[in-house]
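Please take these sequences and the hints and turn them into a complete structure.
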Amino acid sequence: MVKTIFYLGATGFLSGDILPQLARDFPNDTVRALVRNPTPERVAKLQGLHPGLVVVEGDLNDAKVIVEEASKADIVVNSASSDHWPSVCATLEGLEKNSAGRPGNPPLYLHVSGCGIISNNTRGEKTENPEFWTDIGLDLDDCDPTNTHLESDKPAIAAGKRKNNSIRSIIVYPGQIYGVGNGVQKVTLWLRIFMDYAKRVGYGGTWGRGFNAQNTIHVKDLADAILMILRAASEGKAGEGADGLYFAVTPTLLSYGEWVKAMGDHLYNKGITKEPGAKPMPEEIVEPLGHYGWSLLGGSMFAKADRLTRMGWKSVESDRISLMESLPAMIDAALEDDKPYVHIS
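Note that the sequence shown ends on residue 331 in this note's numbering; no numbers are left out.
What the hints contain is simulated information worked out from the structure, not anything from laboratory work. Don't be surprised by glycine CBs; every beta carbon is placed ideally from N, CA and C. Don't take every hint at face value.
[Said to hold, decoys possible] Simulated DEER-style distance windows between Cβ atoms:
hint : residue 1 : residue 2 : range
1    : E261      : R88       : 58 to 66 Å
2    : N151      : P314      : 43 to 51 Å
3    : R306      : K(-11)    : 27 to 35 Å
4    : G263      : N14       : 49 to 57 Å
5    : P131      : N151      : 22 to 30 Å
6    : N151      : D318      : 45 to 53 Å
7    : K149      : K223      : 20 to 28 Å
8    : A30       : N115      : 47 to 55 Å
9    : T25       : K(-11)    : 22 to 30 Å
10   : E270      : R10       : 42 to 50 Å
11   : N115      : R296      : 21 to 29 Å
[Said to hold, decoys possible] Listed next, the in silico DSS-like pairs over lysine-lysine satisfying Cα-Cα at most 30 Å (straight line):
hint : residue 1 : residue 2
12   : K83       : K223
13   : K247      : K206
14   : K206      : K31
15   : K300      : K140
16   : K58       : K147
17   : K50       : K31
18   : K140      : K206
19   : K300      : K223
20   : K185      : K247
21   : K(-11)    : K172
22   : K172      : K265
Put into C-alpha cells, the structure is as follows:
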C-alpha cells in the first residue's frame, strides 16, 4: 500500500541526506514537504534530492497547514527546529486526529531533537570522570527540566504512551552534527551561530572557557541512522513510545574550545576576524541567551548510541573523517552560502 510521508525541515541541513534515502528506501511512497517560499529554484533543488517530492507551501508557524497534513499522513518526519513548540503542537494535534480516524493503525511520528536534553550545565568548565547517558531505559523525567528540547519531546512521547488516539512516536537525539550537506542548507546551525558571533566579536568565542564537550556525528551517519529506524519501524521492529528514544552519536568527544579555536584560526587567516584562536566571549554577548545559551552551548553532553548499535548501525563516515578534519570545508561552505543564522533565542 502506498503511504504518505509528511516532512518538516525539507530545506534544512539534515534533509539533504535524508530525502535521497527516502526516495531510495521508500520509492512507492509519496513525500509531501512543508516549504517556506517555494521558489522554482528551491523546488528544483528539493526535487533533485527526491524526484517525487510534493511541495506544500507554508512554514513552521502555519498551524492549520501542519494540522491538515499530519492528519492525513501515515508517517511524519520532523527534522526542523526541535524547539519550535507551536509546530510540534500542530503536528501532534494533526496526528491525534489522524489516529482517531484509523483505530488500531496509528500514524508514525519521527522527531529529530538533540542531546541538549542531557546537558550537565557546566558553564564551559571541564567535566572530570563523566558519566555517559544510555538510551536503554532513558526516561526524559530524569533530565534536568530546565534543559532544551524537553518542552517538545515530552508531549511527543506522552502521545505515544496514551491508550486513546495514540501515535507511534520516535525521537532521535543527535550529538554535534558536522559535515558539508547535500541540501539547500549546506552547513549545520551551530556552526553558523558561532561564525556569526565570531564576526561580531572579532575572534572565535566560547561560552565560558570552552572545556565543555559533546559526542560528534557526521550528517551522513545521522541520516543513515534515521533511515535505519524508519525501515525498522515500517516492519514493526523499532522501539517506540517509551522505548523510542535513540541517541545518534559516535564515541568521539570534542570540546567546544578545540573546534572554536580551529574555526577562529581559519577565519583569521581569511581576514574575517581580528584575532586567531578562541577565548571566552564577554557577558554582554552571552547573557542575552541566558540559561538557554549556557545549557546548550556551555554544557557538556555525554551519550552512548546503544539502541542503534544493537540494530547494527555503523558510523562509517564519522570514522572516515572527523569534525576537525571536516571543519575547514564546512566554514568555507558557510562563507559561500553567507546566510544569516536563525536565532535560537
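Each hint tested on the structure:
1. E261 - R88: 58 to 66 Å: For E261 and R88 the Cβ distance comes to about 59 Å; the hint holds.
2. N151 - P314: 43 to 51 Å: holds, 49 Å
3. R306 - K(-11): 27 to 35 Å: Hint holds: Cβ distance 33 Å, inside 27 to 35 Å.
4. G263 - N14: 49 to 57 Å: holds, 53 Å
5. P131 - N151: 22 to 30 Å: Given range 22 to 30 Å: holds, Cβ gap about 26 Å.
6. N151 - D318: 45 to 53 Å: Once the Cβ atoms are compared, 48 Å apart, the range 45 to 53 Å for D318 and N151 holds.
7. K149 - K223: 20 to 28 Å: The hinted range 20 to 28 Å holds for K149 and K223, with Cβ atoms some 23 Å apart.
8. A30 - N115: 47 to 55 Å: holds, 52 Å
9. T25 - K(-11): 22 to 30 Å: Hint holds: Cβ distance 28 Å, inside 22 to 30 Å.
10. E270 - R10: 42 to 50 Å: Holds: the Cβ-Cβ distance is about 49 Å, inside 42 to 50 Å.
11. N115 - R296: 21 to 29 Å: For N115 and R296 the Cβ distance comes to about 26 Å; the hint holds.
12. K83 - K223: OK: K83 and K223 at ~25 Å, within 30 Å.
13. K247 - K206: Given that 30 Å is the threshold and the Cα spacing comes to 25 Å, the pair holds.
14. K206 - K31: holds, 18 Å
15. K300 - K140: With a Cα-Cα distance of about 28 Å, the restraint between K300 and K140 holds, given a limit of 30 Å.
16. K58 - K147: holds, 21 Å
17. K50 - K31: holds, 26 Å
18. K140 - K206: holds, 27 Å
19. K300 - K223: holds, 18 Å
20. K185 - K247: Satisfied, since the Cα-Cα distance of roughly 14 Å is no more than 30 Å.
21. K(-11) - K172: holds, 29 Å
22. K172 - K265: holds, 27 Å
Checked against the numbered hints listed earlier, the structure breaks none of them; every hint is satisfied.
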